[in-house]
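Engineer: Residues per chain are reported as follows:
There are 2 protein chains.
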Amino acid sequence: MIAWKNLDTLASYKKLSALKRVNLPDAMSGEKGAERVKKYSVPMACGLSYNFAAKAVDDEVLAALSELAAEQQLTEKFAALYNGEMINTGEKRLVLHQLTRGQLGGAVMADGRNKRDFYAGEQAKAAAFANKVHAGEITNASGEKFTTVVQIGIGGSDLGPRAMYLALENWARANGTLKMDARFISNVDPDDAASVLKTIDLKHSLFVLVSKSGTTLETLTNESFVKDALKNAGLDPAKHMVAVTSETSPLAKSSDYLAAFFMDDYIGGRYSSCSCVGGVVLSLAFGPEVFARFLDGAHAEDLTSKETDILKNPALLDALIGVYERNVLGYPATAVLPYSQALSRFPAHLQQLDMESNGKHVNRFGESVDYPTGPIIFGEPGTNGQHSFYQLLHQGTDIVPLQFVGFRRNQAGMDVDIQGSTSQQKLCANVAAQIMAFACGKSDENPNKSFEGGRPSSIIIGEQLTPESLGALLAHFENKVMFQGFCWNLNSFDQEGVQLGKVLAKRVLAHDTDGALKAYSDLLDI
Amino acid sequence: MIAWKNLDTLASYKKLSALKRVNLPDAMSGEKGAERVKKYSVPMACGLSYNFAAKAVDDEVLAALSELAAEQQLTEKFAALYNGEMINTGEKRLVLHQLTRGQLGGAVMADGRNKRDFYAGEQAKAAAFANKVHAGEITNASGEKFTTVVQIGIGGSDLGPRAMYLALENWARANGTLKMDARFISNVDPDDAASVLKTIDLKHSLFVLVSKSGTTLETLTNESFVKDALKNAGLDPAKHMVAVTSETSPLAKSSDYLAAFFMDDYIGGRYSSCSCVGGVVLSLAFGPEVFARFLDGAHAEDLTSKETDILKNPALLDALIGVYERNVLGYPATAVLPYSQALSRFPAHLQQLDMESNGKHVNRFGESVDYPTGPIIFGEPGTNGQHSFYQLLHQGTDIVPLQFVGFRRNQAGMDVDIQGSTSQQKLCANVAAQIMAFACGKSDENPNKSFEGGRPSSIIIGEQLTPESLGALLAHFENKVMFQGFCWNLNSFDQEGVQLGKVLAKRVLAHDTDGALKAYSDLLDI
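Read top to bottom, the protein sequences are chains Y and D. Just so you know, we're using my numbering here: the first sequence kicks off at 864 and counts up by one. Just so you know, we're using my numbering here: the second sequence kicks off at 864 and counts up by one.
Chain Y with its partners taken away, still in its complex shape (with noise of 0.2 Å):
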């Protein structure tokens, strides 16, 4: 039996929090530093691994984190989601992006059908549009091939998808399996699609228009500003859109769209990269293949969530060592600091997941909770982050904890020596010396030179990042922000925050206000 119990009432979390604080410079000096690193290691699928050495934990910290995972009930609490109990309560939904990669638990019936293959079905359908577009036998009006796809949505439609786009972009160029370039149509700020459209060949585009209910105001408004760029243009809309929406949307049956391919309310939109949310877009742009290797990768990924024993689950680890620095040390962010240029939007991504799901201040039970939930999270690629706002996280006055992520290979297979190293190796050497620069730091006569270290982070490590790892790191982290709401004791997969915001911009648009929104609307001109 479940019982969903706030994080303060736990007789685990007192004892955790009783604990003696590691003294982390010391812990990583040495030969017992390097034994750390060896032992302080959890597999991950797709022969990634979660080296959590750099962080303030010791066994004591672990075995009271393990109790903290048994009492909270964190894999019962997952396996309820993943058989297909209403865990989304707010919405009173079900939460089944886990799913859309494999099956975790027993079969999940729900609307008269079997959901996997449901969503297996809608995926096989990209498949079959992605070859025939490929194969010239979808093509625009004169018969010719389409060379570009353009996503249009917002939020969950859009960071998510174009992260990982961008992340096997260079992948796909050095493997000959880039089939078309992808671009993405967001912001309702005009100039967004202004300079998309006028960088692209629109005899040559096909759009991608997402939106589940088929009412998000941003997007149907960009879909009407594509429409008249192909009508000025002398182009047929209908011959150049499909539409991802659910089956209940204003969008599913019309004869706008070339096809529809259909998602449902137990997919949230930031958990919607393996739906066909991402799955139309990725197949065209790699080929359905290259999809499904990205899917068989977060599956894999998502089995390890299943472990009870900490040790064998990365993202329940990661999660708990996320909660003992929240909640016992009181560290308000966590940077995410992937050492790869191609996981450049990766950080965007991992924001909206975790802020939006963990950034609420009421339990399940719409209840005030007395401790603090979900941290900010931000993050830039490595080098690039050294250069820049690393300063403050190592002599800053406040502790940042920190995500690492790094691969031993690049992706484009182009390198050069200089100084004796390559730029991988010199990649490498960065991150390594970075972990270590934040744990251990520096002493030195001169104060501003001097480095206080006892900056925990952690290291994913991979081979190469390929469809395959890509799909596990993605899984890693959904389940992480998972484990974490359950924690918190939260519902991590709505979104009641951001609705305010909506109505007040509809009560501007429709002149409908007073006092300082009506002053604001007019400095602003509207």
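Bear in mind the hints are in silico, worked out from the structure with no lab data behind them. Everything hinted at is true.
Treat identical chains as interchangeable: a pair holds within one or across any two.
Mimicking DSS-like on lysine-lysine, the simulated pairs with C-alpha atoms at most 30 Å apart in a straight line are: (1) K1312 <-> K1369; (2) K1175 <-> K895; (3) K940 <-> K1312; (4) K1090 <-> K1102; (5) K1312 <-> K1381; (6) K902 <-> K1169; (7) K1381 <-> K1175; (8) K1008 <-> K1066; (9) K868 <-> K1169; (10) K1061 <-> K1008; (11) K995 <-> K1061; (12) K1116 <-> K1369; (13) K1094 <-> K1008; (14) K955 <-> K1305; (15) K1369 <-> K1305; (16) K868 <-> K883; (17) K1312 <-> K955; (18) K1369 <-> K901; (19) K1066 <-> K988.
In this text the structure is predicted, and so the values were computed from the model without any measurement.
Since the structure of chain Y is already known, use the hints to place chain D on it.
Structural biologist: Structure of chain D alone, referenced to chain Y:
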């Protein structure tokens, strides 16, 4: 006589800390909210204005902030800076980036010459060079015009110029002044350079190598990467590359470059967008006239930063309110939220500018301070962020102060009318709505749909993002960061916190490691 004092020694700071907190939801309600919006606004240069009605301040707090500005001698310290005193005490350097855009005080003589003349002279050289490239007087070996400019640099040689280019690309396209496309290579990850090189026309590309010292390892590595690619394409690298560096650097007189443009040690990387670091690439991309307009805007804004009245000095006021939020109200982060897709990388630039300048825990005398200094800075353009991390901003357990930026008109001049409003109107309606939602919140009988409000924000409003207003915006934030550094008694112009990682990375590459650093190196196959 200037006295450099810690913030917590100031009588005005103690007074400020003791003042009654402002009830923001109440202050912004009804007609008094409308009055605040009209009253709490400070003009900036180039038609911009800084509106702080939705900040948690009142006349009493403002009076205390004004006292703090006087007691901490903030504008006197700025005057010392622009008159050429050695403000960067750590590195024993003057701080002269404002001189790149105009003369604010007396002539500054250093290294045996007038520094304003030196900077202006280099800009004139860059302008003449760009004009020759545009006119086809400087061409590739086949006598064909260069069409693309690629900047190679990292940190301040990348983020600022890249953000400025993206900010004006659409404007320039709409105004017929986009002379060359610009691209950027920064990361030592070889996939970064590979991805740029595979998608440009090498034969018609001109590279701008930017390194003040001429020894930045990432940049020299990428230079070699590019030279290899040029040679492999049968092209002579020396005919495709210029350098931006200091006169004493090994790059300065090399025959490897078509030309060299100079900066000096008195302009820090993160403050170098207005020097030749930004000037060469932006003059090539948009024409020198556009770059000159950008400088004019920055200089006009610098002039407002000389005002001693905090209600006439927007950068000073913004800085003081930020210190109040950080040190008195205790907020650890600030989000920068431009409602303009053109400013997509502006938050990343401000992240470096702010966090690298003020992410420090020792004062200018090398003594530890007992108060928080620079906050975490992050952000993404609205409306995208609304569909992402705004959930936490509205309903999370921590309060994050916000800095909005918005413009009444878009850049490209393309728009569409949907449901009775244009995209630009929707964009502006959203920012107005968000400010009010954050400030006032909304109660609801369902606590999950309830918004506490009390989340402070400011907005910079302009007519349009142009070269002038972009320059003013940049100068505003540079000067804000400088004033905050003065408040906290920091040296905002060095960056010792980035050194340790560099040293350790060199040791890794030399295989001069042991303990945990060796263990990580092994894991990463270095």
